[in-house]
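Asks: Taken in sequence, the protein lines are chains A and B. Going by my numbering, the first residue of the first sequence is number 1, and it counts up by one from there. Going by my numbering, the first residue of the second sequence is number 1, and it counts up by one from there.
By construction, these hints were calculated from the structure, which means they are not laboratory data. Do not rely on the hints blindly, as some may be mistaken.
[Stated by the list, open to error] Within a straight-line C-alpha distance of at most 25 angstroms, the following computed DMTMM-like cross-link-like pairs (lysine to aspartate or glutamate) qualify:
(1) 256/A <-> 174/A
(2) 256/B <-> 212/B
(3) 141/A <-> 174/A
(4) 256/A <-> 200/B
(5) 256/B <-> 200/A
(6) 256/B <-> 244/B
Protein chains: 2
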Amino acid sequence: MGPKRNKSRRADDYVHGYSEREDRRLRDQSQTLADLLHHDSLYPTGSRVLEAGCGVGAQTVLLARHSPGAQFMSVDVSPVSVQAAEAAVRRAGCMNVTFRTADIFQLPFPRGSFDHVFVCFVLEHLQEPARALQCLRAVLKPGGTLTVIEGDHGSTLFHPRSDAAWRTIQCLIDLQAEAGGDALIGRRLFPLLRGAGFREVTVSPRFVYVDDSRPAWVEGFTRNTYIAMVEGVRPRALAAGLIDRRDWAKGIGDLKASAGAGGTFCYTFFKAVAVKNRPKWSASRRPAPAGE
Amino acid sequence: MGPKRNKSRRADDYVHGYSEREDRRLRDQSQTLADLLHHDSLYPTGSRVLEAGCGVGAQTVLLARHSPGAQFMSVDVSPVSVQAAEAAVRRAGCMNVTFRTADIFQLPFPRGSFDHVFVCFVLEHLQEPARALQCLRAVLKPGGTLTVIEGDHGSTLFHPRSDAAWRTIQCLIDLQAEAGGDALIGRRLFPLLRGAGFREVTVSPRFVYVDDSRPAWVEGFTRNTYIAMVEGVRPRALAAGLIDRRDWAKGIGDLKASAGAGGTFCYTFFKAVAVKNRPKWSASRRPAPAGE
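Input sequences plus hints: build the corresponding full structure.
Replies: Structure follows, in structure tokens:
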């Protein structure tokens with residue numbers, strides 16, 4: 001592009017606005033959703049990390065790359081997913097991940113096997129998220145940390161407002177509830193983790209805000225992540241009689257307007273980090289009594 | 001407290017957990033909502049800033065203190081509010097604020113009088129927020145900035161979930177709509193500002209997350225700011241027949257549970273900064289053609 005750039009130098013200078021927009025687009029792309037959620041999930045060299053519910057490995061590759069010195073054990077209840085995750089990790093050239101097919105409620109590891117546990121977009125699908133957390137706590141070493149990331153569809157905000165659009169989102173929430181899950185779980189990570197016996201629970205919400213000054217997010221998040229996810233439940237929503245074809249079409253059309261000119265879109269993810277307490281004798285920070 | 005502290009030194013050490021909680025409480029208090037919203041509203045020495053809709057001066061004191069070298073002109077349509085704001089600013093010892101009773105739609109200032117304009121929790125109450133922005137733009141110098149802060153009650157998320165609690169919030173939204181305002185305006189600041197002719201519109205949401213590990217926020221925000229605000233519309237909501245006494249009591253009770261043990265509460269403010277374009281001849285960054 002060098003010579004062309006030189007040739008049209010005056011035009012380039014003239015369209016300064018374009019260049020600013022392009023800069024922002026590139027910044028957006030590098031600061032993707034994955035960065036927003038995972039940039040602070042870093043594990044020390046030599047630590048053993050359990051990724052519970054790895055699915056097809058979308059997060060696994062990120063985790064393994066960010067913490068090349070840590071050893072990951074990634075498990076999923078579906079052998080097909082584990083196979084896909086393993087292939088993804090091999091393609092990415094990561095050598096620090098071991099895979100295993102395993103149920104989160106019957107983990108094939110001794111108590112205290114891991115320094116850290118990581119769970120992302122898993123609890124929302126479980127009928128017993130509290131019991132799952134207890135199972136994960138059991139395989140964690142005392143003093144180890146648990147990281148949980150979940151969404152909360154109730155946090156969805158968009159402009160222009162539309163009840164029809166909201167009804168399509170409600171279909172997703174209802175279907176997940178029918179399957180025993182909770183698409184609104186993000187807001188209750190704090191009591192869930194406390195209730196499962198974790199300490200030092202710290203929740204840091206990750207707020208996604210998108211308007212048409214951020215075209216990479218409009219495309220990558222609003223359209224291709226969120227709206228695509230809602231559209232994915234259309235057959236089940238229609239089959240379950242939660243909505244009819246016309247209302248669905250109207251709702252999705254309205255939702256797409258939030259990704260159009262002048263539209264805005266917001267969503268909040270909740271990330272929590274918590275600690276499994278050390279036994280009392282080692283947790284005490286009392287100085288030794290004088291004389292001892 | 002020194003001697004007492006020394007006397008009970010062993011007890012102090014033993015209750016280390018208390019001291020950590022106390023530290024967090026103090027941190028919370030210094031990092032209040034005002035900080036979250038206003039820490040980045042700073043104006044250079046010598047600049048002239050219009051605060052439009054100062055109310056009783058809650059923000060005025062913060063602005064004047066943060067930018068002691070800037071000259072503020074704070075106006076409100078209500079002479080009673082202006083008087084209260086003036087008293088608050090005098091009590092705070094700020095000397096860089098002038099007050100005037102004025103209507104945002106009929107500002108008594110020549111075009112281009114100000115380097116910056118600041119508007120906080122005002123547009124939500126106006127029937128014509130777009131026209132208000134145009135009036136503010138007129139008194140702004142070319143190249144000057146406008147800062148707008150608004151809430152969006154649709155962003156309210158809480159645990160435990162409760163339809164009854166949501167109905168009390170809906171009363172607030174409905175009453176504000178009846179009065180011609182929009183309690184859900186935050187999400188649409190971007191198109192509003194663009195539509196009023198502003199450029200470089202940048203929206204930065206301020207997400208408030210509260211759980212019982214942050215007692216100062218539970219008290220200061222969830223209870224004394226948000227729930228108190230909802231409770232304030234009870235007489236009007238009942239009088240308008242939007243809800244009956246029993247449902248109101250149940251709803252407020254449920255809302256208060258979000259400020260109790262294991263509860264969580266979230267709310268999003270939207271802050272936007274935008275620029276009034278310079279006239280074309282000065283905005284152009286084209287280098288002078290060779291030979292000139």
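Asks: With reference to the structure, classify each hint as holding or not holding.
Replies: Hint by hint, here is what the structure shows:
1. Note on residue 256/A and residue 174/A: the hinted pairing holds, with a Cα-Cα distance of about 21 angstroms set against a maximum of 25 angstroms.
2. Between the alpha carbons of residue 256/B and residue 212/B the distance comes to roughly 13 angstroms, so the proposed pair stays at or under 25 angstroms and holds.
3. Taking the CA atoms of residue 141/A and residue 174/A, the gap is about 37 angstroms. The hint is violated against a cut of 25 angstroms.
4. Note on residue 256/A and residue 200/B: the hinted pairing holds, with a Cα-Cα distance of about 24 angstroms set against a maximum of 25 angstroms.
5. For the hint pairing residue 256/B with residue 200/A, the CA-to-CA distance comes to about 24 angstroms; that is within 25 angstroms, so the pair holds.
6. The suggested pairing of residue 256/B with residue 244/B holds, with an alpha-carbon distance near 18 angstroms, which does not exceed 25 angstroms.
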